[in-house]
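The listed protein sequences correspond, in order, to chains V and G. Going from the first sequence to the working numbering is simple: count from 1 and add 95. Going from the second sequence to the working numbering is simple: count from 1 and add 653.
It is possible that some hints are incorrect.
What the hints assert, rightly or not - The calculated lysine to any residue pairs, modelled on SDA-like cross-linking and capped at a C-alpha distance of 25 Å, are: (1) K654(G) / S747(G); (2) K695(G) / E106(V); (3) K695(G) / V148(V); (4) K721(G) / G669(G); (5) K756(G) / S122(V); (6) K654(G) / I100(V); (7) K695(G) / D158(V); (8) K163(V) / S122(V); (9) K756(G) / P156(V); (10) K654(G) / S122(V); (11) K721(G) / S122(V); (12) K721(G) / G137(V); (13) K654(G) / Y126(V); (14) K695(G) / L193(V); (15) K695(G) / P103(V).
As the list claims (entries may be wrong) - Stretch-level coverage of chain G by chain V, calculated; a stretch enters the list once three of its residues show a Cβ under 8 Å from a Cβ in chain V: (16) 695-705; (17) 727-736.
Bear in mind the hints are in silico, worked out from the structure with no lab data behind them. The C-beta atom is built at its ideal place from N, Cα and C for all residues, glycine as well.
These are the residues of each chain, in order.
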Amino acid sequence: DAGVIQSPRHEVTEMGQEVTLRCKPISGHDYLFWYRQTMMRGLELLIYFNNNVPIDDSGMPEDRFSAKMPNASFSTLKIQPSEPRDSAVYFCASSARLLEAFFGQGTRLTVV
Amino acid sequence: KQEVTQIPAALSVPEGENLVLNCSFTDSAIYNLQWFRQDPGKGLTSLLLIQSSQREQTSGRLNASLDKSSGRSTLYIAASQPGDSATYLCAVDSGNTPLVFGKGTRLSVIA
Numbered sequence: 096d097a098g099v100i101q102s103p104r105h106e107v108t109e110m111g112q113e114v115t116l117r118c119k120p121i122s123g124h125d126y127l128f129w130y131r132q133t134m135m136r137g138l139e140l141l142i143y144f145n146n147n148v149p150i151d152d153s154g155m156p157e158d159r160f161s162a163k164m165p166n167a168s169f170s171t172l173k174i175q176p177s178e179p180r181d182s183a184v185y186f187c188a189s190s191a192r193l194l195e196a197f198f199g200q201g202t203r204l205t206v207v
Numbered sequence: 654k655q656e657v658t659q660i661p662a663a664l665s666v667p668e669g670e671n672l673v674l675n676c677s678f679t680d681s682a683i684y685n686l687q688w689f690r691q692d693p694g695k696g697l698t699s700l701l702l703i704q705s706s707q708r709e710q711t712s713g714r715l716n717a718s719l720d721k722s723s724g725r726s727t728l729y730i731a732a733s734q735p736g737d738s739a740t741y742l743c744a745v746d747s748g749n750t751p752l753v754f755g756k757g758t759r760l761s762v763i764a
């Protein structure tokens, strides 16, 4: 397996624009997580799914953030409208039965 | 609410030294503890996973120990090399919750 695949690797967008981040988990994993990493706050959980169903989205900072998992092999994290304070690295991770978690390479988002 | 603390935040050592990175967590009711490595601008690479029934795990020059009752874990790196320079992150879960991360220890191994 190629591991967790995220796209794009880098995204630069203007304030107010919609941003969509994509993730392909490892085949067979039933959990998918979205994390955000900043220097100030470290790694924070935004939302996670089990068998494509959102379980806990309490980490999503605002209504501007939304996430979907339409099938077992794909998830998106959308920010609309984006703001400069959303600039961070966004990681997707997957695991089987909440055992060892595997992370993607991340998407570095810059909102100007 | 689980909180994970890693000390020190940064560490610089000469090549060849053995070193210990520390991780503590506030709620001892954990299921797994996982150590990760993160290189600058890269993702997280899983190094070692310790389940709550285990006391340690080893992989090459790395050894991680777990003391659940005291809420502590250590990552021991033997004979450090410049290639070990990275940020090391500790994370725990409670069996039905995702990983909660510490802020990491940034390690520099000087040749």
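We went through each hint and held it up to the structure:
no.	hint	in the structure
1	K654(G) / S747(G)	11 Å, holds
2	K695(G) / E106(V)	15 Å, holds
3	K695(G) / V148(V)	28 Å, violated
4	K721(G) / G669(G)	30 Å, violated
5	K756(G) / S122(V)	29 Å, violated
6	K654(G) / I100(V)	30 Å, violated
7	K695(G) / D158(V)	28 Å, violated
8	K163(V) / S122(V)	17 Å, holds
9	K756(G) / P156(V)	19 Å, holds
10	K654(G) / S122(V)	31 Å, violated
11	K721(G) / S122(V)	32 Å, violated
12	K721(G) / G137(V)	23 Å, holds
13	K654(G) / Y126(V)	21 Å, holds
14	K695(G) / L193(V)	23 Å, holds
15	K695(G) / P103(V)	13 Å, holds
16	695-705	holds (count 6)
17	727-736	violated (count 0)
Taken one by one, the earlier hints fail for this structure at numbers 3, 4, 5, 6, 7, 10, 11 and 17, listed in ascending order.
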